[in-house]
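One line per chain: the protein sequences are A and B, in this order. Using my numbering, the first residue of the first sequence is number 112, and each one after it goes up by one. Using my numbering, the first residue of the second sequence is number 10, and each one after it goes up by one.
Heads up, some of the hints might be wrong.
Said to hold, decoys possible - Quick look at which bits of chain A chain B covers, simulated, 3 or more residues with Cβ under 8 angstroms: (1) 148-154; (2) 208-214.
What the hints assert, rightly or not - Only pairs whose alpha carbons sit at most 27 angstroms apart, straight line, appear in this in silico BS3-like list of lysine-lysine: (3) K182/A - K51/B; (4) K194/A - K11/B; (5) K120/A - K51/B; (6) K11/B - K51/B.
Since the hints were made in silico from the structure, they are not lab data. Ideal Cβ positions, reconstructed from N, Cα and C, are used throughout, including at glycine.
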Amino acid sequence: DGGITQSPKYLFRKEGQNVTLSCEQNLNHDAMYWYRQDPGQGLRLIYYSQIVNDFQKGDIAEGYSVSREKKESFPLTVTSAQKNPTAFYLCASSIQSDSNEQFFGPGTRLTVL
Amino acid sequence: QKEVEQDPGPLSVPEGAIVSLNCTYSNSAFQYFMWYRQYSRKGPELLMYTYSSGNKEDGRFTAQVDKSSKYISLFIRDSQPSDSATYLCAAKGNTGFQKLVFGTGTRLLVSP
Chain A
112 DGGITQSPKY LFRKEGQNVT LSCEQNLNHD AMYWYRQDPG QGLRLIYYSQ IVNDFQKGDI
172 AEGYSVSREK KESFPLTVTS AQKNPTAFYL CASSIQSDSN EQFFGPGTRL TVL
Chain B
10 QKEVEQDPGP LSVPEGAIVS LNCTYSNSAF QYFMWYRQYS RKGPELLMYT YSSGNKEDGR
70 FTAQVDKSSK YISLFIRDSQ PSDSATYLCA AKGNTGFQKL VFGTGTRLLV SP
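This is chain A alone, in the form it adopts within the complex:
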């Protein structure tokens, strides 16, 4: 089956810890994205990558880091510098960065204890 997988589904973190959220796609898409979703707010773009070995900051990149060493993988690290990390994190991909169709993964719910 083609699609986007995210793991884990639920993640608990203690304050001061870094955690890494996994995102994998087998759609052969060039572009990948990370969004954050909070109640009462729309999806907000954290980072995006238009092609392997390249990535750009989105609107709320502070406290996050990413890498794009492989076309199919775009992991997101939530660092201790992120002041309010509890949220629902969504990974997406598209054929190219100017494509109108973005396909989303199932999401990871991160809770800081």
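Got chain A; can you put chain B on it based on the hints?
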């Protein structure tokens, strides 16, 4: 002011009703308009997208864009309980990479 505004709802309708979901936007550069459906604790699923003004139909779903009033609509005919979800509208510009700007989502509840 948010670039894309959407009433959070919830919007409650009986099964079989025609549902109208709406968004407004403020950025005149937006050219593409999308509707996503998101079930609870799941990722959004793209329903359809339209370019500029006009209508687009796909089964029970019709998307409508009125650029003169900066108004986006999604109509659902013969609504079903399985349509109960949060509906997100999104918009983007036309040149190169343009980020998707999302509304906050409208929660729809269709009762049997």
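Tested hints:
By the rule of at least three residues with a Cβ nearer than 8 angstroms to a Cβ of chain B, the coverage given for the segment 148-154 of chain A holds, with 4 such residues. Counting residues of the segment 208-214 of chain A whose beta-carbon sits less than 8 angstroms from any beta-carbon of chain B gives 6, enough to reach three: the coverage restraint holds. This hinted pair checks out: K182/A and K51/B have alpha carbons roughly 24 angstroms apart, not beyond 27 angstroms. The straight-line distance between the Cα atoms of K194/A and K11/B is roughly 23 angstroms, inside the 27 angstroms bound, and the hint therefore holds.
For the hint pairing K120/A with K51/B, the CA-to-CA distance comes to about 10 angstroms; that is within 27 angstroms, so the pair holds. Annotation: proposed proximity of K11/B to K51/B holds, straight-line Cα distance about 24 angstroms (limit 27 angstroms).
Of the numbered hints listed earlier, not one is contradicted by the structure.
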